[in-house]
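The lines below spell out each chain.
2 protein chains.
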Amino acid sequence: MIVSHDQDAAVDAAVEILDAEDPWRDLPPTARMVVESALLSFADRGFHATTLKHIASGSGLSTAALYVHFSSKDELLYDISRRGHESALTIVEKAAALEPAEHAFRTLVYVFARWHAERRTVARVVQYQLNALTGVQAEEIANIRRRTERVVRRVVAAVSTTSDDDIDLRGLSAAVISLGIDVARWYQPDGRYTPDEVGRLQCRLAARLVQLESHPTAPR
Amino acid sequence: MIVSHDQDAAVDAAVEILDAEDPWRDLPPTARMVVESALLSFADRGFHATTLKHIASGSGLSTAALYVHFSSKDELLYDISRRGHESALTIVEKAAALEPAEHAFRTLVYVFARWHAERRTVARVVQYQLNALTGVQAEEIANIRRRTERVVRRVVAAVSTTSDDDIDLRGLSAAVISLGIDVARWYQPDGRYTPDEVGRLQCRLAARLVQLESHPTAPR
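Residue numbers (the numbering used here), protein chains in the order written: chain A, 2 to 221; chain B, 2 to 221.
Note that these hints are calculated values from the structure, not bench results.
None of the values given here were measured: they were computed from a predicted structure.
Keep in mind that the hints are not guaranteed to be accurate.
[As the list claims (entries may be wrong)] Here are the computed lysine to any residue pairs in the SDA-like style, where the Cα-Cα straight-line distance is at most 20 Å:
no.: 1; chain 1: A; residue 1: Lys74; chain 2: B; residue 2: His49
no.: 2; chain 1: B; residue 1: Lys54; chain 2: B; residue 2: Arg26
no.: 3; chain 1: B; residue 1: Lys74; chain 2: A; residue 2: Lys74
no.: 4; chain 1: A; residue 1: Lys54; chain 2: B; residue 2: His49
no.: 5; chain 1: A; residue 1: Lys74; chain 2: A; residue 2: His104
[Claimed, not checked] Facing chain B, from chain A, some residues (calculated, C-beta under 7 Å):
no.: 6; residue: Arg46
no.: 7; residue: Tyr129
no.: 8; residue: Ala143
no.: 9; residue: Asn144
no.: 10; residue: Ile168
no.: 11; residue: Gly172
no.: 12; residue: Ala176
no.: 13; residue: Asp183
no.: 14; residue: Leu202
no.: 15; residue: Leu206
no.: 16; residue: Arg209
no.: 17; residue: Leu210
Cβ atoms here follow ideal geometry from the backbone N, Cα and C, with glycine treated the same way.
Modelling step: build the complete structure from the supplied sequences, incorporating the hints.
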C-alpha cells in the first residue's frame, strides 16, 4: 500500500516540476499563438490536411506575419514534436533525480500521467502525427523517446522487487509508460477524474505493477 | 504467480477466438482490397489528406470501380471503424464468457493485447482518425467502446481482490484496457516481442494490476 504521506510527498515534488516546465517558454507571444493554432488544427484536421492559411487565421495573423516565426508547417510540426518530447523528458529526468528511489518512482509516475492529462492536445498531436516526420527530424525525435524510455527503465529497475516471475525490465517499464501515455487518449477534462486524481490513481497502479510495498494488510 | 498451465490454457482459448475472428469476413475480395488500401493511406497520410484516388490506385481499381463498394471515404472510415471496434468487442465478449473467472480474465487480456499487436494498422487508424467521425456515426462507435469497457469492467470485477487500497474498479479496468490499446502504438513486428509474447507479458502485468494470485513464493 502507498502510505498517503508518501503519495503527498510525490505530488508536491511533481507539482513543483510541472510548474517550472513550459515547452514554449522562449517563444514570443505571437509565436505562441501560432503554435496554439497549429496544435488545434493538427489535432482536429490532422497534419496533412492543415494548411498555413488555417494556422494563420486560427492565430489571427496574416500568412506573411506567420512566416516571420515559421517557414513551413513541417517546421512547425517538428518544432512542436521536439518541444513536446523534450518537455516529457525533462519532467521525467527531474523526477528520476529525486531520492530515495521509491520517491523518485512515485513522482515520475505522477508527473508523467498528469502531464499527459494536462497536455493531452500536444501529446495527441505528437503521437498521432509522428509518422509525418521523416529523415533527420524523425531520428532526432526517436532519440529523445529512447532517452525517456531509458530514464523510466532505470527508475523502475531501482524499485522493482525481484521475483520468480518472468517479466523482463523492458516489458515492465513499457507498461509503466503505456499507462501514462494512454491518458492522453482517454482523458476528458469534464470526465470522472481531475489531472491530480489521474496522477494519484496511476501511482497506485504502477506500484502494483512493480510490486512496490506489496503488503496488503499493512496499516494505511 | 501465473502457473504456466493457466497461461497456456488462456493462450489456447485466445488463439481459437482470434482464428474465428475476421472483421471483413462478409466482404467480397475486391472490397477487401479497397479496405486494405484505405487503411494504409489513412494510417500513412491521415484521413483528411487521403483522396478516393489514393485509395483507388492503392487497390488497383479505377475510381469508378471503387464506387461500386463505397460511396465516399467517409463511409469507408466509418465502415473500418465500426468493424474494427466490433471485432475488438467480439473477442473480448468471447473471452469474458469463459469459466472460471480467472481463465476468462487471462484470456481476455491475452486476446486484447495480441489483437492490438496483429491488427495495429486497423487499431491506429480507428484510434487516431476517430475525431474525423461525427454525429450518429461517432455516437455509434462511442457506444461500441462503452460496451467493450463494460465487459472488461465485469471481468476485472470478478477477479479483483478486495483490498484496502482505494483504486476504484473503473480506474483498474481503464488501466487493463490502456495496456492493451497502447500495444498498437509501440508494437513493431521486427522488434523484441512476437504478438504471442506480448500477450503473455500482458497477462502477467494485468495479473499484478488486479492482484490476481499474489503469492510470490508459490511454486511455479
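A quick look at each hint next to the structure:
no. : hint                 : verdict
1   : A:Lys74 <-> B:His49  : 16 Å, holds
2   : B:Lys54 <-> B:Arg26  : 25 Å, violated
3   : B:Lys74 <-> A:Lys74  : 25 Å, violated
4   : A:Lys54 <-> B:His49  : 16 Å, holds
5   : A:Lys74 <-> A:His104 : 41 Å, violated
6   : Arg46                : 5 Å, holds
7   : Tyr129               : 4 Å, holds
8   : Ala143               : 12 Å, violated
9   : Asn144               : 16 Å, violated
10  : Ile168               : 5 Å, holds
11  : Gly172               : 5 Å, holds
12  : Ala176               : 5 Å, holds
13  : Asp183               : 4 Å, holds
14  : Leu202               : 5 Å, holds
15  : Leu206               : 5 Å, holds
16  : Arg209               : 5 Å, holds
17  : Leu210               : 5 Å, holds
Consistency note: the structure conflicts with the earlier hints numbered 2, 3, 5, 8, 9.
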